[in-house]
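Number of protein chains: 2
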Amino acid sequence: MNKKQLFEQIQKKKSFLCVGLDPVLDKLPKHLLKYNDPILEFNKQLIDATQDLCVAYKPNTAFYESRGVKGWETLVKTWQHFPKDVFTIADAKRGDIGNTSAMYAEAFFNEESSEMSFDSITVAPYMGEDSISPFLAYPNKWVILLALTSNNGSKDFQVQQIGDQKLYEKVIKTSSQWANSDQLMYVVGATKAHEFQHIRQLAPDNFILVPGVGAQGGSLADVCAYGLNTQCGLLVNAARSIIYASNGLDFADKAREEALRMQQEMEQILIAAKLV
Amino acid sequence: MNKKQLFEQIQKKKSFLCVGLDPVLDKLPKHLLKYNDPILEFNKQLIDATQDLCVAYKPNTAFYESRGVKGWETLVKTWQHFPKDVFTIADAKRGDIGNTSAMYAEAFFNEESSEMSFDSITVAPYMGEDSISPFLAYPNKWVILLALTSNNGSKDFQVQQIGDQKLYEKVIKTSSQWANSDQLMYVVGATKAHEFQHIRQLAPDNFILVPGVGAQGGSLADVCAYGLNTQCGLLVNAARSIIYASNGLDFADKAREEALRMQQEMEQILIAAKLV
Numbered sequence: 023m024n025k026k027q028l029f030e031q032i033q034k035k036k037s038f039l040c041v042g043l044d045p046v047l048d049k050l051p052k053h054l055l056k057y058n059d060p061i062l063e064f065n066k067q068l069i070d071a072t073q074d075l076c077v078a079y080k081p082n083t084a085f086y087e088s089r090g091v092k093g094w095e096t097l098v099k100t101w102q103h104f105p106k107d108v109f110t111i112a113d114a115k116r117g118d119i120g121n122t123s124a125m126y127a128e129a130f131f132n133e134e135s136s137e138m139s140f141d142s143i144t145v146a147p148y149m150g151e152d153s154i155s156p157f158l159a160y161p162n163k164w165v166i167l168l169a170l171t172s173n174n175g176s177k178d179f180q181v182q183q184i185g186d187q188k189l190y191e192k193v194i195k196t197s198s199q200w201a202n203s204d205q206l207m208y209v210v211g212a213t214k215a216h217e218f219q220h221i222r223q224l225a226p227d228n229f230i231l232v233p234g235v236g237a238q239g240g241s242l243a244d245v246c247a248y249g250l251n252t253q254c255g256l257l258v259n260a261a262r263s264i265i266y267a268s269n270g271l272d273f274a275d276k277a278r279e280e281a282l283r284m285q286q287e288m289e290q291i292l293i294a295a296k297l298v
Numbered sequence: 023m024n025k026k027q028l029f030e031q032i033q034k035k036k037s038f039l040c041v042g043l044d045p046v047l048d049k050l051p052k053h054l055l056k057y058n059d060p061i062l063e064f065n066k067q068l069i070d071a072t073q074d075l076c077v078a079y080k081p082n083t084a085f086y087e088s089r090g091v092k093g094w095e096t097l098v099k100t101w102q103h104f105p106k107d108v109f110t111i112a113d114a115k116r117g118d119i120g121n122t123s124a125m126y127a128e129a130f131f132n133e134e135s136s137e138m139s140f141d142s143i144t145v146a147p148y149m150g151e152d153s154i155s156p157f158l159a160y161p162n163k164w165v166i167l168l169a170l171t172s173n174n175g176s177k178d179f180q181v182q183q184i185g186d187q188k189l190y191e192k193v194i195k196t197s198s199q200w201a202n203s204d205q206l207m208y209v210v211g212a213t214k215a216h217e218f219q220h221i222r223q224l225a226p227d228n229f230i231l232v233p234g235v236g237a238q239g240g241s242l243a244d245v246c247a248y249g250l251n252t253q254c255g256l257l258v259n260a261a262r263s264i265i266y267a268s269n270g271l272d273f274a275d276k277a278r279e280e281a282l283r284m285q286q287e288m289e290q291i292l293i294a295a296k297l298v
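Protein chains in written order, with my numbering: chain S, 23 to 298; chain B, 23 to 298.
By construction, these hints were calculated from the structure, which means they are not laboratory data. Just so we're clear, the structure is a prediction, and the values are computed from it rather than from any experiment. There's no promise every hint is true.
In this list, chains with the same sequence are indistinguishable; a pair is considered to hold if it fits within one copy or across any two.
Stated by the list, open to error - The list that follows gives simulated cross-link-like pairs (lysine-lysine, BS3-like), each with its CA atoms no further than 30 Å apart:
#1 Lys177 x Lys188
#2 Lys49 x Lys163
#3 Lys276 x Lys36
#4 Lys106 x Lys92
#5 Lys25 x Lys188
#6 Lys49 x Lys92
#7 Lys106 x Lys49
#8 Lys106 x Lys25
Assemble the whole structure, with the sequences as input and the hints as a guide.
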């Protein structure tokens, strides 16, 4: 999906919600345990219940890898269940030397190789340009580069001062020479809302993927106050607050209620910003 | 495997060789294509041919993930074929917020969850302490943290100056407060041999995993001149130069020859350093 199509989806659905599919078997509604693949059933029902309210789905690969081969099967089948009109994010935080990143690109972008072809992948910047460029070789596929993350550990290196800028600022500036906003997004945690104004100066046109709203404590209004741009420019992720809205028979209905609540809040924000 | 056991293996085998198992189907000897899982057969024959000459195996997960579910199956079965007395490295370059890194730890350290339990995993430092600590909760399991990598992209961020130190130096210093040398190693590329003296001052007791000897152009002698410590302290990886030493029927014999050549060079170095 290209940038124009993504913005069209945002306008059509009046939403810039991304639903994080990070399922843990122990937290699933008990009635799903009778299924051959309870996590797949959980994901399918969540997707069916929310797909008109969100523009993106983001499975975090760790939650599938933790279950070995059967987890990877669940990830493939979950990908196959995604509707064609949603933007899909492999939240994999990969990154290696060039020839190895090329293999990761096959894993997540090349359906012939791996039976999956996500629209985008999250990538860690530490290894630099050649760890990122192999992903950019796929037309209309995206790298979502870690910039300023929502966790405590973000203070260890990301905000360290390099000359007159912080490391995450250097990451944004340097990487903007490798790709433009048609293929490059950044991850900025919602818990860092006070940094959004400044980040928008560095990356005025890029989409920003924002985790950390909801369970992690970030505020949607704060993020949007400075994060919106002329094509929305934000994908706001919520995972636990939606997928675990209930652990009963009504889990999908409650997930929809929470997704609807967020979509309606986003619609008001988009209207106020004259983007719909 | 703990540090004492690793050094014992090094002394017993007179080797600090790590064999990188990064197989690509197109490069395999043609006679293997008749097997149900050619890559698994390739790996098994390589392991059988080299296990007395090396102390570690390092499959890079990208090369397995690129083939989807069947690739992940190959990785599991390759892990199951490793002898008990070798140190195993999941070269996965993972790292995420704490609750997600805990899932990655299950994927690579918890055999009950994932059918694999490597001794160690490579981790990218960008997200800081809580991305690393879940791996350290497993006794006798190791984090191998990216410090200064062998690729061109290492110049983009790793060597940027933060105050009076470079980013990779900051990574070493900061992370040394999170774990000691019984659970923490660093990745330093062989192409950075001139930096080893300095790195040994920062991390005198830690093992260093050194990729980039062989196909990537690094020199073993240069690395050892400054990299050795009182417990050897080095695991030197070679992948392509060993696994693709021949692409004929004799591939395993030729792989053994190249591994033996490296082991013999290492034996001389260990003798000269009075470590065996």
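#### Entry: Intra- versus inter-subunit Cα pairing at 30 Å for Lys177 with Lys188
Both ways: Lys177 and Lys188 sit 11 Å apart in one copy and 16 Å across, limit 30 Å.
- Query: Is the C-alpha distance from Lys49 to Lys163 at most 30 Å within one copy, between copies, in both cases, or in neither?
  - Reply: between (33 Å within a copy, 27 Å between copies)
(Q) At most 30 Å between alpha carbons: which applies to Lys106 and Lys49, within, between, both or neither? (A) within (28 Å within a copy, 35 Å between copies)
| said: Within a copy, between copies, both or neither: which one fits Lys106 and Lys92 at a CA-CA cutoff of 30 Å? | reply: both (24 Å within a copy, 25 Å between copies)
Q.
Reference check for the pair Lys276 and Lys36, CA-CA at most 30 Å: within, between, both, or neither?
A. within (20 Å within a copy, 62 Å between copies)
With identical chains, the pair Lys106 and Lys25 could be close in the same copy or across copies; at 30 Å between alpha carbons, which is it: within, between, both, or neither? This pair counts as within: shortest intra-copy Cα distance 15 Å, inter-copy 50 Å.
*Tell me, please, which holds for Lys25 and Lys188 at an alpha-carbon limit of 30 Å: within, between, both or neither?*
Only inside one copy: Lys25 and Lys188 sit 28 Å apart there, 36 Å across copies, limit 30 Å.
- Is the C-alpha distance from Lys49 to Lys92 at most 30 Å within one copy, between copies, in both cases, or in neither? Both: 18 Å inside a chain and 28 Å across chains, each within 30 Å.
The structure shown violates none of the earlier numbered hints.
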